[in-house]
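K.L.:
Sequence:
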Amino acid sequence: MITLSNIGATTAYPNADDGRSCEDDEVTQGRQARVRAPELIGRGGWLNTGGRAYSIADLRGKIVLLDFWTFCCINCLHVIDELRAVEEKYAEQLVIVGVHSPKFVHEADHDAVVAAVERYDVRHPVLDDPDLVTWNAYAVRAWPTLAMVDPQGYVVAQFSGEGHAHGIDTLVAELIAVHEAKGTLHSGDGPYLPPAPESSTLRFPAKVIALPAGTLLVADAGHHSLAELGPDGETLLRRIGSGRRGLVDGPPDVARFSEPNGLCLLPPDAAAELGYDVVVADTVNHVLRGVTLASGVVRTLAGTGEQWMRGQREPPAHEGREEALSSPWDVAWSPEQRRVLVAMAGIHQIWAYDPYAGTIEATAGTTNEGLRDGPADQAWFAQPSGLAVATDTATDAEGERLWVADSETSSLRAVRAGVVTTHIGQGLFDFGHRDGPARDAMLQHPLGVTLLPDGSVAVLDTYNDAVRRYDPRTREVTTLATGLCEPSGAVLVASAEAGRPDLVVVESAAHRLTRLRLPDQAVRVEASAYRARREVVAVAPGPFELVVVFDPPPGQKLDDRYGPATRLLVSSTPPELLLAGDGSGQVLSRELTISSEVAEGVLHVAVFAASCDDAGEVEFPACHVHQQDWGLPVTVTPGGARRLPLVLRGLDG
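Numbered as in the working numbering, the sequence shown ends at 1498 without a single skipped number.
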């Protein structure tokens, strides 16, 4: 989860009808002022509506749920998936509108948004808001944020983070009952009009590996299957998976995947002993799958099919089939450990799966999102999305090195001998396309990493549409190729020129594989650098109050049967920003002390809340987890704020 605050914006929503502030609206006894929903404005226009633009007035009579998202953010993708059941259940009364609000420069490109809406199977209208006009009008501070508008055009609730589907379901049911009785609910078809489907051999492919016979196996995420292609990278030889979204084991025409991304070919001896050859990161199913190439049979190796949420047990070596995972994005074989390493993008960690014991455990990262080096169990990642394992024969004493494309920090990281280091990258909010010494170089949301024959590393610099090269000996970054279309994975293959392999690159948004000759020298490109454009929080030095607002959904109460129902974790980058108040606690408010000696930094806030159905004497009521991470860039100034409210879940009036 990434957050950039615009805390300076007013929290009072303007009246969309006549421009009055919320204080001018009707106030009922014992209730807060009713807040009119601001207008829906976005320069990029509307998607999934057949070209028609909609206003708040056009949607009167419907319950409207605004989903502020950006397609780089794994938590936003989780919310799209968890809302599918609610969207289908209330198809005639509820309209979900995705408001695409970009973080990266690439995400402000309209064509990239169009591709993302198809890639992630978004089945509701989407407003493309590259200038963040609607984001600012609703005073949004975090991705993802949801705001609910009732059939009369009033904002009635706001949610931040994941895990709110059950509460939204309950609230929608209540609003239906209220507005049916008032005669203000208009059931019927909504504004969603799906675009005409396009046919292609691959659809948003993610990663690729070379098979022993010289063919290529592609994770064909958009087709929810694996595609085996001939050596030319174009001829389809077979599919593994029926092409229908789901979690089903079995033969290739029966098995189902859900947006598979990462692939890992096991060494022959391991494959012979285990009975399968390839491990697949089946991302949206939150599982690892095993594939036997000879038969195409698919089996589930690890994961329950449910998403791991903060507050659940963090595995030391639990049984793989009993452990929930969270958006595994890539997998790589570790010869040294004889385990499969997993980029667990959904919770910002590296895990390891032992295929012999069938167990899985976290090996690096704390689940906090950010860029922090150090011992593996204390380091921070941000959506690790690409892995490659290298053994440097010149330094065997140090052991193998795991290269990590850490997408949300636009960085190249490494894990070696239990220590995490950053080779390229500045942090959550700095990105660009700049070659040169690694300390100054910049990437933009890389999703893949591949080892090159000379020991250097090819980085699939996805949002720069480029392939970059990092030489760990000289610590120089150069550009190998530009003009690609969201490259996300690559593999070395034999070429016609003896002793000089080619690089086959997955151009995900172009739905194809592209073969590149490895040049003798890298090509430098004109440098560019960016900082994310949202306003930072101006905070005053000294005492500072942090408050997280959480209201249990209707029909629920805090679940404190087995201990505290809430947890708040606060830290900062740099650590010196906070003189007091960091650490973990159960109360959702905290007195902090901001240092006057640090000019700027990032305030990291993670919150967890557990609620359960208020079911009277029911012995085992259903329980629900709500969680959110905020990364708030701050500047320290004497005139800054001394209090910061953050909403995990709040109801208006």
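Derived from the structure by calculation, the hints contain no laboratory data. Keep in mind that the hints are not guaranteed to be accurate.
Below, a list of computed lysine-lysine pairs in the DSS-like style, where the Cα atoms sit at most 30 Å apart [stated by the list, open to error]:
#1 LYS1027 <-> LYS1402
#2 LYS934 <-> LYS1027
#3 LYS1402 <-> LYS934
Distance ranges between label pairs, derived from CB positions [said to hold, decoys possible]:
#4 ALA898 <-> PRO1076: 44 to 50 Å
#5 THR1029 <-> ALA1486: 47 to 53 Å
#6 HIS1031 <-> GLY896: 33 to 39 Å
#7 ALA1385 <-> LEU1361: 23 to 29 Å
Ideal placement from N, C-alpha and C gives every residue a C-beta, glycine not left out.
K.L.:
Run every hint past the structure and note whether it holds.
P.N.:
Quick rundown of the hints versus the structure:
For the given pair, LYS1027 sits about 28 Å from LYS1402 by alpha-carbon distance, which is consistent with the 30 Å threshold. For the given pair, LYS934 sits about 22 Å from LYS1027 by alpha-carbon distance, which is consistent with the 30 Å threshold. For the proposed pair LYS1402 and LYS934, the alpha carbon gap of about 24 Å is at most 30 Å, so the pair holds. The given range of 44 to 50 Å is respected by ALA898 and PRO1076, whose C-beta atoms sit roughly 48 Å from each other.
Remark: the range hint 47 to 53 Å for THR1029 to ALA1486 is contradicted by a beta-carbon distance near 38 Å. Take HIS1031 and GLY896: their Cβ atoms lie about 23 Å apart, and the range 33 to 39 Å is violated. Distance hint for ALA1385 and LEU1361: a CB-CB separation of about 52 Å, inconsistent with the stated range 23 to 29 Å.
Of the numbered hints given earlier, the model fails hints 5, 6, 7; all others are met.
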